[in-house]
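Student: Work out the full structure, taking the sequences as your base and the hints as a guide.
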Amino acid sequence: MKKFSISSILSQLLLLFFVIIWIIPTFGLFISSLRDKDLLAISGWWTSLTTTEVNEIYRMSGMESQIEEDGYFKIKGKLFEDNSGKKINSFGITSKKINEFNIGDVAIFKDESEVLLDENGNYEWRSRTEFKKKKGKRLFTTSLSPPTFTFENYKEVLFKEGIGRAFINTMAVALPSTLIPLIICSFFAYSLTWMKFYGRDTLLAIIIASLVVPLQMSLIPILTIYNDFGALFGVAAKSYPGVWMAHTGFGLASTTFLLRNFLKSLPNEMMEAAKVDGASHYDIFLRIIIPLSIPAFASIFILQFLWCWNDLLVGLVFLDQVPSEIILTAKLKELLGSRGENWEILTTGAFVSMTVPLFIFFALQRYFIRGLVAGSVKG
Amino acid sequence: MTILNLVFIVFLGILFFIAYFHISNYILDTYGNKTLKRHNFENSIRVIVFITPAFIVLFIFILYPVFETIRLSFYDKFGREFVGLYNYKWAINDPEFRRSILNNLVWLLVVPTLSTFFGLVIANLADRIWWGSIAKSIIFMPMAISFVGAGVIWKFIYEYRGPDNTQIGLLNAFIVSLGYEPQAWLTIPMWNNFFLMAIMIWIQTGLALVIFSAALRSVPKEMLEAARIDGASELKIFFSIIIPYLEQTILVIWTLITIIVLRIFDIIFAMTNGEWQTGVLANLMYDWMFRGGGDSGRGSVLAIVIMIGVIPILAWNLYKHREEQKI
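Residue numbers (the working numbering), protein chains in the order written: chain A, 1 to 379; chain B, 1001 to 1327.
It is worth saying that the hints were derived from the structure and are not from the lab.
Each hint can be trusted.
Below, simulated SDA-like cross-link-like pairs (lysine to any residue); rule was C-alpha separation at most 25 Å, straight line:
1) K1089/B x R1291/B
2) K74/A x V106/A
3) K275/A x Y1031/B
4) K196/A x Y1026/B
5) K238/A x G1013/B
6) K1221/B x S1133/B
7) K238/A x N1005/B
8) K264/A x Y1319/B
9) K78/A x E64/A
10) K37/A x G164/A
11) K37/A x S338/A
12) K37/A x F1174/B
13) K1236/B x S5/A
14) K133/A x S95/A
15) K1236/B x S11/A
16) K1236/B x F18/A
17) K1077/B x W1090/B
18) K275/A x S1044/B
19) K133/A x S65/A
20) K1077/B x V317/A
21) K37/A x P1182/B
22) K196/A x P1053/B
23) K275/A x F1021/B
24) K275/A x T1052/B
25) K238/A x L1063/B
26) K110/A x K134/A
27) K1320/B x T1255/B
28) K196/A x L1063/B
29) K97/A x N1165/B
30) K1077/B x A236/A
31) K37/A x L1171/B
32) K264/A x I1313/B
33) K1077/B x M1289/B
34) K1221/B x S11/A
35) K86/A x A41/A
36) K37/A x E156/A
37) K74/A x F140/A
To be clear about the criterion: a stretch of chain B counts as covered by chain A if any three or more of its residues have a C-beta under 8 Å from a C-beta of chain A, and this derived list gives those stretches:
38) 1008–1020
39) 1052–1065
40) 1122–1131
Predicted, not measured: the structure shown is a model, and the values here were computed from it.
Note that CB positions come from ideal geometry on N, CA and C, so glycine has one too.
Tutor: Below, the structure written as structure tokens:
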């Protein structure tokens, strides 16, 4: 059995390789969103996981804070924030030699003032003559920094950058855009499965054809309809109900198709028995179909909800790009353009936009997969 | 619009549809039996009540637009004057259009193939390993994320800083640690397309993976055991048994990802906005919807070109549906 175990180890290693490749991008984003924004801009996220050596520049306080003591004019202060955990190894007073001094050395500036620094970043800057400059001198430190994480970026992004509002907007788009098609398609699928009427087969064929029609085919005509409608009634052409109906339209074929496939699998005898007992179609629908379809509803709900939550194009075309209407994905795209260098905002914003999908993913994965496997075909 | 208003209209919107079905059916249940003597007639009204909302939506958002888009492609930019094949001629001679078509073709060739391949390999590996389901979960996860979110994730990986700075993008940090010059990956024409495709493969492999995992269970265990006893290597089993057995599933997944890739928009829009020769049809179309006040003729032509890509799949689906109906 030796051969088997070698191949088993090889496949484990190969799978591990895939898993690492797949998880690293998201992991990097998550770690970055928790990092200090200044550190984020100057070092890779992977350095933040271990204690690392960082080179920084600090400026000491100016003349206002000087005190007279033991015949010296002194300025005391600290370079780091409280509880930073950083430990200074060496420091310098010019940018040319940033490691010139060790802790305990006295560094002497050109104007003969002296500075003492301890490893926690507390300094004492003293001079025989009075300090006369408003700005203090610069210190270059090389210190060991333990991994530190903060929620500062989240606070900033949620309340200052408008991501919080975009989150609510996205919810206001995605919820009705999922529930409305679910309501109308369940009746539609029911009649396509259990009611006999003229043109039923044609309608079914249309649904199947519509499954793969790209939504690009609909954009221009619908935008025109919305603009005409808005002009005719004097209302805004772009609105939440407009987006709901657009999402309903684009999700209608796949929702109906999936539901019909499910309903078809229910036993015919049950419907017949109910009919004999005098139940109307609506009774059957409420009392028999809905309770039996809960798992199918859950799968379809998740698929459609994630689709609407993650959509960019529909939200871009059918909503105004203003704070009260902009959705998360459009907001992120906007930030990519305007704040492309502010990675603390981008990484955090992206992670906020991913919270709901990730929650659904981890909590309801079984239904999600079931829906996908049942035939995720969407135009 | 305040948040409270928003909650209110959301609630109202959903309630409207529930109320429609409930009230119309209630009326039909209560008065239908008394006034409409003939059972068939009541049934017809019920059918109308059941399918009308869905049909109206289907008509407005899919059926009418398909014909309207075809019509608009023969009209000028405002959709007023008939211009014949002018828009199509423009497209054929437009360098941007040619570039987009080429890019779309490369996308169609690379992404479905690699996603399906990776999905199959990973599903097969994970099937035989005890921590396989955790691995599957992790590789499947990008499926839940938006294309724009994935764009941000990968833009961070491709981030470029000048050669004198510390690289904060993983790829450049890796390249620099090997002693090479850092590169602005997304701005190198032709290659940048592959960096964008990597994102899509990263997402779609999960889709292929879950469907293959379900399908793998249908491969008879006895067949695999027999092959192993005969001394076939795992690689040989993979190519000679599993791939032929899953042929149908491979085709389905490949088509599925093809449809998604054909209208790929978000990733390119978020990452490069079609610059540095990365544009695809859907991006060009979005562009023409608004460029210079919008040109519905040119936009429609681009939509139709995307549509032409799905017609073979559409025909195949309808053919299969008809076969199923016969049985």
